[in-house]
Amino acid sequence: MNGRVSGREGWIRRLEQVDRRVIFVLMGLAIILPLYTGWSLQQTPTKPVQDFHAALETLPPGTKIFIADDWDPGSKAELETAAVAVLTHCFRRGLRVIDATQWGTGAIIVNDTLERVARSMGKTYGEDYVYLGFKEGREVVMQAAAENLRGVYPRDYRGTPVAKLPILEGIGSLRDVALLVSVSAGYPGTKEWVQQVQRRFNVPMIAICNGVSEPEYQPYYNSGQLRGLVGGLANIAVYERLIGAEGFGTRAMVAQSSGHYMLAALILAGNLFFALSRRRTLLAVAIAVAGGGFFLWTIVRILAGP
Amino acid sequence: MRREIPLFLTFLFGTFFVSMNFLQGDRLREATGGFLPDQINDWMSIIISFTYVLGVGNVLRIHVKKVARRENGWGYSAATLAGLAAMMIYGLILWIPLGIAFDGQPASVEPGREWMTGMQTGSVFNWFYDAVYTPMQSTMYALLAFFISSAAFRAFRVRSFQAALLAVTALLLIVGGVPLGETVWSGFPELTSWVMEILQTAGKRAILIGAALGAISTGVKIILGVEKSYLGGRA
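Chains as they are written, first to last, in the working numbering: chain P, 1 to 306; chain F, 1 to 235.
Hints listed in this document are in silico derivations from the structure and should not be mistaken for laboratory results.
None of the values given here were measured: they were computed from a predicted structure.
Glycine included, every Cβ here is placed at the ideal spot set by N, Cα and C.
Mixed in with the good hints there might be a few duds.
Claimed, not checked - Beta-carbon label-pair distances, calculated as ranges:
1. 251/P with 218/F: 42 to 50 Å
2. 224/F with 282/P: 55 to 63 Å
3. 166/P with 136/F: 51 to 59 Å
Just chain P, same shape as in the assembly (with noise of 0.2 Å):
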């Protein structure tokens, strides 16, 4: 009888120190896999993402626009998907893009995402959109553009001065646009944006930003400083269908909602392992039938279709 509860005990020891290489391959496959389905989810815009799609939606075509493209390819899988989403919306809208960023390892990918959106439709460089690139100074440069936006920036990114582009007729700092529009992956980003300029100039400010930033923004949307806020690929996702532009945001919603679920999966495994493990017997009936409850549920609801 002994041999045999130790023989359990011992299954359990081994599972919940399961090689983390097993966890990663089923992570793995968790990713993969659902991108070869076909498979299409979707999701209902919240408010904030409501938001910021009307922001951009309600102004009159021609208006110029601010974009702080504040991003580097370490959140390429979320905010290019964001910024040709927001690109894309603006140019079609016939919106005026003004284009700069605060990330010194960004300057590049910023600059071939708007040529790759502006060429693709159609858009004449210096008439409809400008890039003014890369300059360091931060919260400095921020609020100096904030005061005179052709003193931080003499020239674009193409060595251009800006006094011979004309969609910069008549911008002579960030006060004389209509929308800040920020992309942003952190530091310095959509907070810096707001204490710097929003708040200080009263410029309306809207921001679409990268998953784990979302709750540093939330309190800048509730207080209303930011009029509307699209937080990571789920939402990302729901603007892209919000402006009849599916992309990569939306083709990559089943591979994060199956990542997300196996996540899930894991963190009730390893707590289920480890009541056992003490011998807590009722979280782990407790931890067995909710969590198998619920997958029971989600297959049922997956197999029942839309």
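Take the given structure of chain P and dock chain F to it, following the hints.
This is chain F only, laid out in the frame that chain P set:
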């Protein structure tokens, strides 16, 4: 005087930036003939740019020493130095003779020499950025998914009531924050929005306000010269 001058400059510029928060830049610009705040902002940008020079110097000092002494992992240091040299040669040094002074025109480059053009399209610098830096950065970020899943399995344990609250909230957001959540239960979007907008915001606001008060307190101490540890040595 070695301490008094830096302390005076800290007081002067600290006071300037605090007061700028309450003053209209346009009026100040008119009153000072453009000296304030534009000149001060330019100085700040120049000083911040010089920190890159210090940074490069520091990287060189640490890694050259490691390579010279053949310390453990010196090969990685050699790779760091090679990368630094390659990016500086193609991004900066070769670019200078091609003519950085545009004379009001975009840079013109002879055909066939685009590879030398600093950060412009077709340059070697851009190739390194697209083919080396971008995939490596994306890979580093993507690895998080695997390490988080391993950590979640091993460390996210319900050992107390507080840990149970954290686990339940995290699970709600993990399964409810993606589109599959809405397929499973239509109430998930509303529930996750409530958690994010009410529960999370309340906690985050408290942290933000606390951090801001701490920053104000530290800032006042630095401006008034009470806190001097940033000067180094025996403050």
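Against the structure, the hints:
1. Under the hint 42 to 50 Å, the C-beta atoms of residue 251/P and residue 218/F, about 46 Å apart, fit the expected range.
2. Checked against the hint of 55 to 63 Å, the C-beta distance between residue 224/F and residue 282/P comes to roughly 58 Å, which is consistent with it.
3. The hinted window of 51 to 59 Å between residue 166/P and residue 136/F is violated, with their beta carbons roughly 39 Å apart.
Violation of the numbered hints given earlier is confined to hint 3; every other hint is satisfied by the structure.
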